[in-house]
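Top to bottom, those sequences are chains A and B.
Taking the working numbering, I'd label the letters of the first sequence as residues 1 to 159.
Taking the working numbering, I'd label the letters of the second sequence as residues 1 to 424.
For the record, the hints were derived by calculation from the structure and aren't laboratory data.
Careful: at least some of the hints might be erroneous.
To be verified - Distance condition first, Cα-Cα at most 20 angstroms in a straight line; then the derived SDA-like pairs of lysine to any residue: (1) B:Lys250 / B:Ser262; (2) B:Lys150 / A:Val22; (3) B:Lys204 / A:Ser26; (4) B:Lys251 / A:Thr147; (5) B:Lys233 / B:Ser262.
What the hints assert, rightly or not - Looking from chain B toward chain A, a few residues come up when the C-beta cut is under 10 angstroms (computed): (6) Pro88; (7) Thr90; (8) Asp93; (9) Tyr128; (10) Glu130; (11) Cys172; (12) Ile254; (13) Phe338; (14) Glu342.
The C-beta atom is built at its ideal place from N, Cα and C for all residues, glycine as well.
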Amino acid sequence: MAETKVIPDQAIKEITELFHHVPKKSATCIEALKIVQNHNRWVSDDAVKELATLLEMSPDEIDGVATFYNIIFRQPVGRHVIHLCNSVSCYILGYEKIEDHIKNKLKIGFGETTPDKRFTFLPIPCLGTCDHAPAMIIDEDLYRDLTPQKIDDILERYQ
Amino acid sequence: MERPLTEHIKNDGSVLSLKEYEAAGGYQALRKALKMTPQEVMQMVKDSNLRGRGGAGFPTGMKWSFVPMGDHAPHPKYIVANGDEMEPGTFKDRVLLEGNPHQLIEGMIISAYAIQADISYIFLRWAYHEAAKRVKNAIQEAYGAGYLGKKIAGSDYSVEMHLHTSVGRYMCGEETALLNALEGKRANPRSKPPFPQVSGLFGKPTIVNNVETFSNIAHIIDKGVEWYKALSKSPDGGGTKLYGVSGHVKKPAIWELPLGVSLRELIEEHAGGMMDGYKFRAALPGGASTDFLTEEHLDVAMDFTNTMKAGSRMGTGTVIVLDDKTCPVGMVFNLEKFFAQESCGWCTPCREGLPWTAKILDAIEHGRGMMNQLDILSFETVYMAPGNTFCALAPGAMEPLQSALKYFREDFERHIKEHKCPWD
Numbered sequence: 001m002a003e004t005k006v007i008p009d010q011a012i013k014e015i016t017e018l019f020h021h022v023p024k025k026s027a028t029c030i031e032a033l034k035i036v037q038n039h040n041r042w043v044s045d046d047a048v049k050e051l052a053t054l055l056e057m058s059p060d061e062i063d064g065v066a067t068f069y070n071i072i073f074r075q076p077v078g079r080h081v082i083h084l085c086n087s088v089s090c091y092i093l094g095y096e097k098i099e100d101h102i103k104n105k106l107k108i109g110f111g112e113t114t115p116d117k118r119f120t121f122l123p124i125p126c127l128g129t130c131d132h133a134p135a136m137i138i139d140e141d142l143y144r145d146l147t148p149q150k151i152d153d154i155l156e157r158y159q
Numbered sequence: 001m002e003r004p005l006t007e008h009i010k011n012d013g014s015v016l017s018l019k020e021y022e023a024a025g026g027y028q029a030l031r032k033a034l035k036m037t038p039q040e041v042m043q044m045v046k047d048s049n050l051r052g053r054g055g056a057g058f059p060t061g062m063k064w065s066f067v068p069m070g071d072h073a074p075h076p077k078y079i080v081a082n083g084d085e086m087e088p089g090t091f092k093d094r095v096l097l098e099g100n101p102h103q104l105i106e107g108m109i110i111s112a113y114a115i116q117a118d119i120s121y122i123f124l125r126w127a128y129h130e131a132a133k134r135v136k137n138a139i140q141e142a143y144g145a146g147y148l149g150k151k152i153a154g155s156d157y158s159v160e161m162h163l164h165t166s167v168g169r170y171m172c173g174e175e176t177a178l179l180n181a182l183e184g185k186r187a188n189p190r191s192k193p194p195f196p197q198v199s200g201l202f203g204k205p206t207i208v209n210n211v212e213t214f215s216n217i218a219h220i221i222d223k224g225v226e227w228y229k230a231l232s233k234s235p236d237g238g239g240t241k242l243y244g245v246s247g248h249v250k251k252p253a254i255w256e257l258p259l260g261v262s263l264r265e266l267i268e269e270h271a272g273g274m275m276d277g278y279k280f281r282a283a284l285p286g287g288a289s290t291d292f293l294t295e296e297h298l299d300v301a302m303d304f305t306n307t308m309k310a311g312s313r314m315g316t317g318t319v320i321v322l323d324d325k326t327c328p329v330g331m332v333f334n335l336e337k338f339f340a341q342e343s344c345g346w347c348t349p350c351r352e353g354l355p356w357t358a359k360i361l362d363a364i365e366h367g368r369g370m371m372n373q374l375d376i377l378s379f380e381t382v383y384m385a386p387g388n389t390f391c392a393l394a395p396g397a398m399e400p401l402q403s404a405l406k407y408f409r410e411d412f413e414r415h416i417k418e419h420k421c422p423w424d
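Construct all of the structure, not just a fragment, from the sequences and the given hints.
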């Protein structure tokens, strides 16, 4: 294991508790990545290596899983993550206007983080709330029936 | 008209608690099922003519019948609720998960009993944070009341239940890919056979059904096969169906209706018709991976057979309406961009073909297209047709494209001739 430990003891404990649910440790890989991300906000190379030792997998196998899923972050993200739906019903209802508004306001595009690390801005496939399009999730909070005017108020709540 | 799946869901958006669910007759069907043999339960579900609500419409009872039974059957057996619901334009399972999670849990326990499963999972998509909280709490309530765990509800039958919240990937909705995700792996699909009923999660017999499918089970056991079949307007299958409409309609929402209502009834009656200033142009009847239907198809019954006859599929039953003020090429570009992004990369036609398709549509939509690219797009729909790819993702992606090329040919040509999007 790497000398500087990046996965906190509490996270190790939470992951270890999952082992009795499953026939082999590697089956907890996705849960384990979520737990690491809950504690560290993202999954670093060192965390991948430490997780590999813990789950008896190779770092490449862990990375293969981590990079497959949309919501595991392999790069640092801002204090808040904006996930704007860019799928079909939100397209019809004009998510592009919302995207432009957020871009202009925060001066960042999809995949970027503001210099003050306040926001990371990402596109996300359909949020399953198409009767209230356009929609977005900030952190874990869902916002629907978006208009550019509403965006200004919503963003203020996240500092 | 009866609406068994949604009648107890509260209007204020709050969840039905265990107490409230029991007061409405909840978990009586489970007690009844536990007094029957597993074979009798399975037979009732077969006779009910319930067909899977996840999009493919496979008969549920028949799916279960492939699970090895008896003393020599491998254990543990698994049962999994597919609550991934990542098909763009689909938002029906959310209603059931948030409004009445015990209906799902009871349906799953009865189904688990029918195949003598030992462990059950609810696989939930990342974005459904509120549903995750409510389902987690409902599982705890069910354990507390003795409906889950060892020797449930005074019987000799034991079953465990876990919640898995996904980390976001469309591919997880495919049942074998979902099983890989539950095993902690990349959600690539598996080859079939072997089918999951024989070799599924961790190589053991496994049933995967959609959330809405499981939500029907307790009602079938409780009120009987004849009652259940009579809920449907269609000879195609029993029960009600959760239908929805999104797009520029007056009242986009989800409604529980008899299986087989017409597309016209959904759009004009339940969704209140088009918003002022918008005209109906076409619709995807059951999510992103279904063929467009147009005005001439409005009276088609929304069931499995009739939507197929009209050249599409019922899919998830959630309709996405295209209006006259939205560019059909832009809409198809949006769809194919999604599919290209969500391709798992496992097989070549999908991994290479979908980004190619999206790139051509990007060019056409933004005035850089050429006429011969329309032939290339037609070729793509054959290149990624069923049988040429490892799973149904790419063939599904081709459905809106092939029908768009048929119905909106002039719109594609205008983009190319005018070197711009006429809707810009």
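To see whether the hints hold, each was checked on the structure:
Taken as a hint, the Lys250 of chain B and Ser262 of chain B pair is honoured in the structure, with Cα atoms around 18 angstroms apart against an allowance of 20 angstroms. About 18 angstroms separates the Cα atoms of Lys150 of chain B and Val22 of chain A, which keeps this hinted pair within 20 angstroms; it holds. At roughly 17 angstroms between alpha-carbon atoms, Lys204 of chain B and Ser26 of chain A fall within 20 angstroms of each other, so this suggested pair holds. Restraint check: the Cα-Cα separation between Lys251 of chain B and Thr147 of chain A comes to about 18 angstroms, which is no more than 20 angstroms; the hinted pair holds.
Proposed proximity of Lys233 of chain B and Ser262 of chain B is supported: the alpha carbons are some 10 angstroms apart, at most 20 angstroms. Hint status for Pro88 of chain B relative to chain A: holds, with the closest Cβ pair at about 4 angstroms, below 10 angstroms. This hint holds: Thr90 of chain B has a C-beta 7 angstroms from the nearest C-beta of chain A, less than the 10 angstroms allowed. Interface hint at Asp93 of chain B: satisfied, since its Cβ lies 8 angstroms from the closest Cβ of chain A, which is below the 10 angstroms cut-off.
For the restraint placing Tyr128 of chain B at the interface with chain A, the shortest Cβ-Cβ distance is roughly 7 angstroms, inside the 10 angstroms limit, so the hint holds. Annotation: Glu130 of chain B was flagged as interfacial toward chain A, and the flag holds, the nearest CB pair being 7 angstroms apart, inside 10 angstroms. A least Cβ separation of about 9 angstroms between Cys172 of chain B and chain A falls short of the 10 angstroms threshold, and the interface hint therefore holds. At a threshold of 10 angstroms, the smallest CB-CB gap from Ile254 of chain B to chain A is about 7 angstroms, leaving the interface hint in force.
Because the closest C-beta pair between Phe338 of chain B and chain A is about 6 angstroms apart, less than 10 angstroms, the hint holds. Here the hint on Glu342 of chain B is kept, as its CB sits about 7 angstroms from the closest CB of chain A, short of 10 angstroms.
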